[in-house]
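Undergrad: Sequence:
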Amino acid sequence: MSPAPLRRRPADLLATAALTTLAAVAVGGAWFTAPAGSAHLDTAEEPSLQQPDMTAIPEQLTEVFSAEATALPGVYRPVVDAGLVFTHDTHTVRALDGTGQQRWSYSREDREICSLGQAWDKVVVTYRSGVGCGDVVALRSSDGRYSGTRSSVNDEEPFQLTSNDRVGIVGPTRLDLWRSDLVRTVEYGEVEAKQEPGLQPHEDCEITSALTRTELLAVTEICPETPENEGHATLRLMDATPEESRTPEIHASVELPSPEARLVAVGQDSAAVYSPGETTELVAFDRKGKELSRSAISPSPLLDDAEGVFLPPAADLPHHMTWFDGSRLYLLKPDTLEVTSVIEGVLGTGVDVGERALVPVPEGIAVVDWVTGQTERVIPVDRTGYQGPVHLAATGDILVESRGETVVGLGAAGQRP
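Residues 30 to 446 in my numbering are what the sequence shown lists, from first letter to last.
Don't take every hint at face value.
[As the list claims (entries may be wrong)] With beta-carbon atoms standing in for the labels, derived distance ranges: (1) 288 / 392: 32 to 40 angstroms; (2) 67 / 307: 50 to 58 angstroms; (3) 369 / 85: 34 to 42 angstroms; (4) 279 / 306: 20 to 28 angstroms; (5) 403 / 244: 33 to 41 angstroms; (6) 139 / 330: 14 to 22 angstroms; (7) 75 / 306: 50 to 58 angstroms; (8) 403 / 307: 29 to 37 angstroms; (9) 336 / 392: 28 to 36 angstroms; (10) 244 / 348: 36 to 44 angstroms.
No lab work stands behind these hints, which were simulated from the structure alone.
Quick reminder that beta carbons are idealized off the backbone N, C-alpha and C, glycines included.
All chains, please: the whole structure from these sequences, using the hints.
TA: Okay, here's the thing in structure tokens:
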């Protein structure tokens with residue numbers, strides 16, 4: 030005879046209901062207390078379209094809008110993409126159009142923004158969590174929609190590392206580099222939770238600068254003294270996409286003469302190092318560590334008594350790479366990184382418009398022939414008493430200046446929001 034089927038008693042039903050309620054409360058409570066529960070995304074109704082680039086240099090400029098943009102380590106130029114300008118405060122990143130109107134925003138009330146970059150038609154925002162600056166979210170530039178997230182252990186105050194192909198962050202103890210889906214391609218330096226020992230060859234060294242372009246990652250670091258090593262600064266040239274992200278593939282290591290040496294430019298197959306000493310020089314090496322060029326330069330105000338991590342204020346022109354040293358702009362050949370011109374008395378990096386470089390200067394924006402390095406004229410800009418660094422970007426028919434913790438949109442005279 031088959032056993033009689035089990036019957037549910039009223040007490041059983043009450044117990045089941047209670048357990049279900051407790052589970053729902055627990056799950057709901059977890060959602061509300063998890064980091065995602067404090068995130069707020071206000072997307073754009075329609076994606077913003079990329080505006081045509083400015084082709085004619087304005088005769089005069091007028092202010093179209095200004096907005097707050099809290100200073101972040103290594104973020105010098107205004108962040109622009111898809112015809113939008115991206116600003117931020119402690120918790121929120123905002124996308125503004127060319128009139129200064131907000132198109133979308135993303136905020137985390139329980140986290141502070143510690144890094145902001147742009148690549149792959151996305152804005153990449155990093156928030157500080159309980160394990161450093163490592164809570165990352167990628168948002169589509171045009172409308173703010175989610176594209177990806179990642180979380181990892183990182184330094185508390187890292188610098189943003191950005192190229193057209195990679196985004197990452199670098200601090201004194203470690204470096205992370207990510208591809209467009211936010212999967213890590215390189216982990217370099219100190220690793221807290223090691224899955225396998227011996228994968229990191231220089232985890233006791235202090236990183237002092239880093240730059241990347243296409244498949245090249247360049248790092249300078251200072252390693253401690255050991256019985257076999259007197260301790261020195263070294264340039265490491267490595268692959269930006271090694272076979273295994275946890276195992277760096279180093280092409281060359283170059284000993285540097287000064288612990289104050291720092292990277293200031295990187296090409297597809299070369300890197301340039303600022304090397305102070307009796308004669309200050311800019312020395313470039315290829316990915317195998319062979320010297321390509323050596324240029325005598327003036328001491329950099331930004332690198333006097335350099336300490337800690339340094340990321341250079343840099344920007345690309347059609348036929349040059351540029352580096353701002355604190356008072357002058359260096360124009361470099363893209364292949365050998367040799368200095369071709371020096372523009373004195375500037376405030377920061379510039380942009381290209383109509384076969385000329387537009388460079389911020391105290392009186393306004395200088396129009397410079399990048400072949401000769403000569404200033405042809407200056408477009409007046411009233412910065413209402415601001416006298417600090419200024420870095421320039423362009424989006425559509427708007428020039429955007431970063432002035433400390435403010436970004437300002439400038440349009441041709443007569444243009445209004």
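Undergrad: All the hints need checking, so say for each whether the structure fits it.
TA: Structure-based check of each hint:
Taken as a hint, the range 32 to 40 angstroms holds for the pair residue 288 and residue 392, whose Cβ atoms sit roughly 38 angstroms apart. Distance hint check for residue 67 and residue 307: the Cβ-Cβ separation is about 54 angstroms, which falls inside the suggested range of 50 to 58 angstroms. One distance hint, 34 to 42 angstroms for the beta-carbon pair residue 369 and residue 85, is violated here, with the actual separation near 26 angstroms. A beta carbon spacing of about 25 angstroms between residue 279 and residue 306 agrees with the range 20 to 28 angstroms that was offered as a hint.
Restraint check, residue 403 to residue 244: a C-beta distance of roughly 36 angstroms satisfies the suggested window 33 to 41 angstroms. Evaluation of the 14 to 22 angstroms hint for residue 139 and residue 330 yields a failure: the beta carbon distance comes to about 38 angstroms. A beta carbon spacing of about 56 angstroms between residue 75 and residue 306 agrees with the range 50 to 58 angstroms that was offered as a hint. Take residue 403 and residue 307: their Cβ atoms lie about 31 angstroms apart, and the range 29 to 37 angstroms holds.
Our hint of 28 to 36 angstroms for residue 336 and residue 392 holds, since their Cβ atoms are close to 33 angstroms apart. Judged by the Cβ atoms, the range 36 to 44 angstroms given for residue 244 and residue 348 is violated: they are separated by roughly 22 angstroms.
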